[in-house]
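> One-letter residues, chain by chain:
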Amino acid sequence: MPSKAHGEKASLGITLGAIGTLLFLHVPLWIIFLYSFTTDESTYTFPLPGFTTKWFGEALKRADLLDALTLSLKVATLSTIAALILGTLAAAAVYRNNFFGRDTVSFLLVLPIALPGIVTGIALRSAIASMSIPFSFWTIIIGHATFCIVVVYNNVLARFRRMSSSQIEASMDLGANSFQTFRYIILPNIATALLAGGMLAFALSFDEVIVTTFTAGQQSTLPIWIFSQLVRPRDRPITNVVATIVILITFLPIFFAQKISAESSDTEGDSK
Amino acid sequence: MTHPAIRFEKVSRHFGDVKAVDAVDLEIRDGEFFSMLGPSGSGKTTCLRMIAGFDRPTSGEIFLDGKEVSSLPPFERDVNTVFQDYALFPHMTIDENVAYGLMIKGVPKAERIKRVDEMLDLVQLPGYGQRKPSQLSGGQRQRVALARALINHPKVLLLDEPLGALDLKLRQQMQVELKSIQERVGITFIFVTHDQDEALTMSDRIAVFNLGKIEQIGTPSEVYENPATSFVAGFVGTSNLISGEAAQRITGSKKTFSIRPEKIYLEPSTNKPSEKMFSAVGTIRDVVYLGLFTRYLVNLEDGVDLVVIEQNINSTSMDVLKKRGKKIRLSWNKEHISRVGN
Amino acid sequence: MWAIKLNRLSAYFFQRPKLVTLLLLSLPMLYMLIVYLGALVSLLINSFYSLEEFTGLVVKEFTLSTYAQLLKPTNLGIFRRTAVMAMAVTLMDAIIAFPLAYYIAKFASARLRTYLYIAVTLPLWSSYLVRVYAWKLILSKEGILSWFIDIFQMNFVLDWVLSIPGVGGSSLSLSPLGMFIAFCYIWLPYMIVPIQTALERVPNSLLEASSDLGARPAQTFRKVILPLAFPGVVAGSIFTFSLTMGDFIVPQSLGNSRFFIGQAVYSHQGTAGNIPLAAAFTMGPIVIMIVYLLIARKLGAFNAL
Numbered sequence: 001m002p003s004k005a006h007g008e009k010a011s012l013g014i015t016l017g018a019i020g021t022l023l024f025l026h027v028p029l030w031i032i033f034l035y036s037f038t039t040d041e042s043t044y045t046f047p048l049p050g051f052t053t054k055w056f057g058e059a060l061k062r063a064d065l066l067d068a069l070t071l072s073l074k075v076a077t078l079s080t081i082a083a084l085i086l087g088t089l090a091a092a093a094v095y096r097n098n099f100f101g102r103d104t105v106s107f108l109l110v111l112p113i114a115l116p117g118i119v120t121g122i123a124l125r126s127a128i129a130s131m132s133i134p135f136s137f138w139t140i141i142i143g144h145a146t147f148c149i150v151v152v153y154n155n156v157l158a159r160f161r162r163m164s165s166s167q168i169e170a171s172m173d174l175g176a177n178s179f180q181t182f183r184y185i186i187l188p189n190i191a192t193a194l195l196a197g198g199m200l201a202f203a204l205s206f207d208e209v210i211v212t213t214f215t216a217g218q219q220s221t222l223p224i225w226i227f228s229q230l231v232r233p234r235d236r237p238i239t240n241v242v243a244t245i246v247i248l249i250t251f252l253p254i255f256f257a258q259k260i261s262a263e264s265s266d267t268e269g270d271s272k
Numbered sequence: 001m002t003h004p005a006i007r008f009e010k011v012s013r014h015f016g017d018v019k020a021v022d023a024v025d026l027e028i029r030d031g032e033f034f035s036m037l038g039p040s041g042s043g044k045t046t047c048l049r050m051i052a053g054f055d056r057p058t059s060g061e062i063f064l065d066g067k068e069v070s071s072l073p074p075f076e077r078d079v080n081t082v083f084q085d086y087a088l089f090p091h092m093t094i095d096e097n098v099a100y101g102l103m104i105k106g107v108p109k110a111e112r113i114k115r116v117d118e119m120l121d122l123v124q125l126p127g128y129g130q131r132k133p134s135q136l137s138g139g140q141r142q143r144v145a146l147a148r149a150l151i152n153h154p155k156v157l158l159l160d161e162p163l164g165a166l167d168l169k170l171r172q173q174m175q176v177e178l179k180s181i182q183e184r185v186g187i188t189f190i191f192v193t194h195d196q197d198e199a200l201t202m203s204d205r206i207a208v209f210n211l212g213k214i215e216q217i218g219t220p221s222e223v224y225e226n227p228a229t230s231f232v233a234g235f236v237g238t239s240n241l242i243s244g245e246a247a248q249r250i251t252g253s254k255k256t257f258s259i260r261p262e263k264i265y266l267e268p269s270t271n272k273p274s275e276k277m278f279s280a281v282g283t284i285r286d287v288v289y290l291g292l293f294t295r296y297l298v299n300l301e302d303g304v305d306l307v308v309i310e311q312n313i314n315s316t317s318m319d320v321l322k323k324r325g326k327k328i329r330l331s332w333n334k335e336h337i338s339r340v341g342n
Numbered sequence: 001m002w003a004i005k006l007n008r009l010s011a012y013f014f015q016r017p018k019l020v021t022l023l024l025l026s027l028p029m030l031y032m033l034i035v036y037l038g039a040l041v042s043l044l045i046n047s048f049y050s051l052e053e054f055t056g057l058v059v060k061e062f063t064l065s066t067y068a069q070l071l072k073p074t075n076l077g078i079f080r081r082t083a084v085m086a087m088a089v090t091l092m093d094a095i096i097a098f099p100l101a102y103y104i105a106k107f108a109s110a111r112l113r114t115y116l117y118i119a120v121t122l123p124l125w126s127s128y129l130v131r132v133y134a135w136k137l138i139l140s141k142e143g144i145l146s147w148f149i150d151i152f153q154m155n156f157v158l159d160w161v162l163s164i165p166g167v168g169g170s171s172l173s174l175s176p177l178g179m180f181i182a183f184c185y186i187w188l189p190y191m192i193v194p195i196q197t198a199l200e201r202v203p204n205s206l207l208e209a210s211s212d213l214g215a216r217p218a219q220t221f222r223k224v225i226l227p228l229a230f231p232g233v234v235a236g237s238i239f240t241f242s243l244t245m246g247d248f249i250v251p252q253s254l255g256n257s258r259f260f261i262g263q264a265v266y267s268h269q270g271t272a273g274n275i276p277l278a279a280a281f282t283m284g285p286i287v288i289m290i291v292y293l294l295i296a297r298k299l300g301a302f303n304a305l
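Protein chains in written order, with our numbering: chain A, 1 to 272; chain B, 1 to 342; chain C, 1 to 305.
Excised from the complex, chain A in its bound form (with noise of 0.2 Å):
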């Protein structure tokens, strides 16, 4: 529970440094936006020489760009898929019951997320070049999938732990079967955190790039093109749309994830 504002205005100094922070966290967001304008093709001049939108044309029409937003999009999609089964599983399981080892679960379930990225990247890399599998989109998923489990797995099991037990409970009791129960009571109920979990998922596999350069073979996804655009630029105005467009598609799952997961909290507020 917050505690409420204080009664006390902000002394200047605090407003003025808020401020500066919330800036700072903003502005270079909105100077990318600026520059998939600009119509400077081999510096990053500023200001703008001029401004033209033909940059956007120009990227759909890149194949390389599209088969890296293919594969990304390919790759985000069943890493999805694969975090929502084996992250409700996992959560229903911890909410069922205080079984032996209950945090541990959660504990492995976190790791993934909570050491740095280059550990899972080169560890799996190691992993799977022991055992000569080769490189592959699949390698990429099986990457991906580790550290996306755990975003799914926190919405479903605080959603579990918002809901009454004595709703699975009831619906026993007035004649429905654990296949019923799960269909007409607990689906609805944990839908939203499906959702929620499940952008959240898909907008971390769309944008990871240190595990995907360790898992991914000859393959490119979006976020591998944006890095060797950064390390060599070679194709500014494109790279310049690129990041606008990423910043886009990563916004927009984000945004309603977080509204799902706040209206939801309001309308079952009481039962908390």
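Hints listed in this document are in silico derivations from the structure and should not be mistaken for laboratory results. As the structure is a computational prediction, the values presented were derived from the model and not from experiment. Just so you know, not all the hints are guaranteed correct.
Said to hold, decoys possible - Keeping only pairs whose Cα atoms sit at most 25 Å apart, straight-line, the calculated SDA-like set for lysine to any residue is: (1) Lys72/C to Val291/C; (2) Lys272/B to Leu306/B; (3) Lys109/B to Phe179/A; (4) Lys141/C to Gly50/A; (5) Lys5/C to Ser338/B; (6) Lys105/B to Phe179/A; (7) Lys5/C to Arg183/A; (8) Lys67/B to Ile4/C; (9) Lys272/B to Lys327/B; (10) Lys141/C to Thr45/A; (11) Lys255/B to Leu241/B; (12) Lys141/C to Thr52/A; (13) Lys105/B to Pro188/A; (14) Lys259/A to Tyr117/C; (15) Lys263/B to Ala165/B; (16) Lys74/A to Leu12/A; (17) Lys18/C to Arg162/A; (18) Lys272/B to Val304/B; (19) Lys263/B to Ala246/B; (20) Lys5/C to Tyr184/A; (21) Lys105/B to Ala3/C; (22) Lys276/B to Val288/B; (23) Lys141/C to His26/A; (24) Lys141/C to Tyr184/A; (25) Lys323/B to Leu306/B; (26) Lys259/A to Arg111/C; (27) Lys259/A to Lys5/C; (28) Lys141/C to Phe37/A; (29) Lys276/B to His194/B; (30) Lys18/C to Ser71/B; (31) Lys223/C to Phe37/A; (32) Lys109/B to Tyr184/A; (33) Lys74/A to Ile34/C; (34) Lys109/B to Thr121/C; (35) Lys259/A to Lys18/C; (36) Lys60/C to Ile14/A.
We have chain A; now place chains B and C onto it with these hints.
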């Protein structure tokens, strides 16, 4: 021949070393309003959960209408429950909540609608069908939970402290209403509560639970007037328990007896005790004026404290408060004591 | 009949709750144990192998020689450089995060608080690479920052900073200073949220009591607010420290030729195929983070998460 609605045979439920329910035998008659009364942790809720099927006995057998059911899951028992927190499904309308049992059974939609309306009429919520549970008050939710549980016409309806969350006025109103609904539908109600007033008001019979065992089963008047054990005497209503030397001086026997505070007369200490009465002399140590009546704490000569309640028929607060510290004679009809075991 | 079969099956499972838990757990746990823990174990094992210099093949025999290589001056330099950067970033983030966290926790109305919270966390979820890229744009020689510096005629300051060895470089976008700025930017939300959480738990009555007792605002801040916010700072520092240490994107994009741990791991496994050395390098951050987490737990940081 008709079977009892519920029969327990040596039913125990252990959680590790804790005997939540300890070899309980019990028979609940068809069509009665039966209360399980006891403090929390006395085993009454565990008994209820075993009847519903949420929990299984560690040993013993439970019969529902003559059929052994203790290993059947809840969805295969002809028993429905009104939950303490109502457990309404928040994503469904009131109609959908009430119709849930029928929907699962595959009852056609037209009939479902008809029966839901009947049920909502029964619990006096006509026209509320399209709302969501979050739009109802606590008392209304409770009625919906009742309608949802009754629509299947179960053999037995279980109520797990359903009135606990309501305020006093609403609770008293619901007590009357529950009783009349039970009489109308003729279903066996098993009502779990820790509130003795509630149990006394509504029940045909009461089972008083303590530490996993039943201390006494009887009608409200039996349990109130003839408590079988000192626990029952203390838990159901207020009671004065007198034992040992003090009991010997008053009744001539060391056996423990109980006497209700409202059965005791306060007289001037100079009065001679009558033949039909037991009596003792003491000092009024404390007086609490409660409007309708006054509660006295009287200290007997041998150190025993008794609670006495007197209606304020002729007295005002000024009168009663002056009595503090006065020496007084207590007397009560010999028939009003009950000998209790331990 | 389907329905009856399902009922039978359901009843079977209902009577065996432990079996159900086991079934639910089996799939996710098998995945995490085999894929993730298996990989970590394989990493550990690999760090005890070595690379045959001439053939470029991994020798699968137990040896400590790979770890011995970590003690070479260049490699020790990498560890030191990374640790100093992680500490500097952590410190700076704590300073920048504080005013905003304090404002959100204590001065914002409930409505504003929700918006500010989203404003803080949205960048966190938005593309990490793109946010690094933003600094490539901002810091470049002809970019927006240089333009501002030029307007205020502060070029001599920039030139002086860039000439400091170990901090500067040919331009801001190719210097440790540039990396530092980008790191501070990228991990900042991780610092704001825990500090805000910690401050929200400080009851206002405590602040009022302090000013009631005659403390000036500055004194209240130093004696009451800072100590109570400290667990939040430690919690935030777990993220800023760990993430900076394991990152290779920022050094690769904005740094110079002097390596950081992440880059060393990346390049050893990549071009050289020296997985044993890369694995040994990774043990560094893991050990440092474990120690760090143990200290943080002592300082009560986990309650602020």
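> Hints first: check each against the structure and report whether it holds.
Structure-based check of each hint:
Restraint check: the Cα-Cα separation between Lys72/C and Val291/C comes to about 23 Å, which is no more than 25 Å; the hinted pair holds. As the CA atoms of Lys272/B and Leu306/B are separated by approximately 20 Å, the hinted pair is consistent with the 25 Å bound. Distance hint between Lys109/B and Phe179/A is fulfilled; the C-alpha atoms sit about 21 Å from each other, no more than 25 Å. Annotation: proposed proximity of Lys141/C to Gly50/A holds, straight-line Cα distance about 19 Å (limit 25 Å).
For the hint linking Lys5/C to Ser338/B, the alpha-carbon distance of about 57 Å lies beyond 25 Å, and the restraint is violated. Of the supplied pair hints, the one linking Lys105/B and Phe179/A holds, its CA atoms being roughly 14 Å apart against a limit of 25 Å. The hinted pair formed by Lys5/C and Arg183/A meets the criterion: a straight-line CA distance of about 17 Å does not exceed 25 Å. Taken as a hint, the Lys67/B and Ile4/C pair is honoured in the structure, with Cα atoms around 20 Å apart against an allowance of 25 Å.
Between Lys272/B and Lys327/B the alpha-carbon distance is near 14 Å, which keeps this suggested pair within the 25 Å criterion. Distance restraint check for Lys141/C and Thr45/A: the Cα-Cα separation of roughly 8 Å lies within the 25 Å cut-off, and the hinted pair is therefore satisfied. For the suggested pair Lys255/B and Leu241/B, the alpha carbons sit about 11 Å apart, so the restraint of at most 25 Å is met. Using a Cα cut-off of 25 Å, the hinted pair Lys141/C and Thr52/A holds, with the two alpha carbons roughly 23 Å apart.
For a cut-off of 25 Å, the pair hint linking Lys105/B to Pro188/A stands: about 20 Å separates their Cα positions. For the hint linking Lys259/A to Tyr117/C, the alpha-carbon distance of about 12 Å falls within 25 Å, and the restraint holds. With a CA separation close to 33 Å, the supplied pair Lys263/B and Ala165/B exceeds the 25 Å bound. A threshold of 25 Å between alpha carbons decides the hint, and for Lys74/A with Leu12/A the separation of about 49 Å lies outside it, so the pair is violated.
Under the criterion of a C-alpha separation no larger than 25 Å, the hint pairing Lys18/C with Arg162/A is consistent with the structure, at around 23 Å. Under the criterion of a C-alpha separation no larger than 25 Å, the hint pairing Lys272/B with Val304/B is consistent with the structure, at around 21 Å. For the hint linking Lys263/B to Ala246/B, the alpha-carbon distance of about 18 Å falls within 25 Å, and the restraint holds. Using a Cα cut-off of 25 Å, the hinted pair Lys5/C and Tyr184/A holds, with the two alpha carbons roughly 19 Å apart.
Restraint check for Lys105/B and Ala3/C: the C-alpha separation of about 10 Å stays at or below 25 Å, so the hint holds. The suggested pairing of Lys276/B with Val288/B is violated, with an alpha-carbon distance near 29 Å, which exceeds 25 Å. The hinted pair formed by Lys141/C and His26/A meets the criterion: a straight-line CA distance of about 22 Å does not exceed 25 Å. With a C-alpha separation of about 61 Å, the suggested pairing of Lys141/C with Tyr184/A is violated against the 25 Å cut-off.
Proximity of Lys323/B to Leu306/B is assessed by CA-CA distance (about 16 Å); at most 25 Å being required, the pair is judged to hold. For a cut-off of 25 Å, the pair hint linking Lys259/A to Arg111/C stands: about 14 Å separates their Cα positions. Distance restraint check for Lys259/A and Lys5/C: the Cα-Cα separation of roughly 41 Å exceeds the 25 Å cut-off, and the hinted pair is therefore not satisfied. About 19 Å separates the Cα atoms of Lys141/C and Phe37/A, which keeps this hinted pair within 25 Å; it holds.
A hinted pair counts as satisfied when its Cα atoms are at most 25 Å apart, and Lys276/B with His194/B does not qualify at roughly 36 Å. Proposed proximity of Lys18/C and Ser71/B is supported: the alpha carbons are some 16 Å apart, at most 25 Å. Distance check on the hinted pair: Lys223/C and Phe37/A sit about 50 Å apart at the alpha-carbon level, beyond 25 Å; violated. For the proposed pair Lys109/B and Tyr184/A, the alpha carbon gap of about 17 Å is at most 25 Å, so the pair holds.
Under the criterion of a C-alpha separation no larger than 25 Å, the hint pairing Lys74/A with Ile34/C is consistent with the structure, at around 24 Å. With a C-alpha separation of about 48 Å, the suggested pair Lys109/B and Thr121/C falls outside the 25 Å cut-off, and the hint is violated. For a cut-off of 25 Å, the pair hint linking Lys259/A to Lys18/C is broken: about 37 Å separates their Cα positions. With a C-alpha separation of about 59 Å, the suggested pair Lys60/C and Ile14/A falls outside the 25 Å cut-off, and the hint is violated.
The structure is inconsistent with the numbered hints 5, 15, 16, 22, 24, 27, 29, 31, 34, 35, 36, although it conforms to all the rest.
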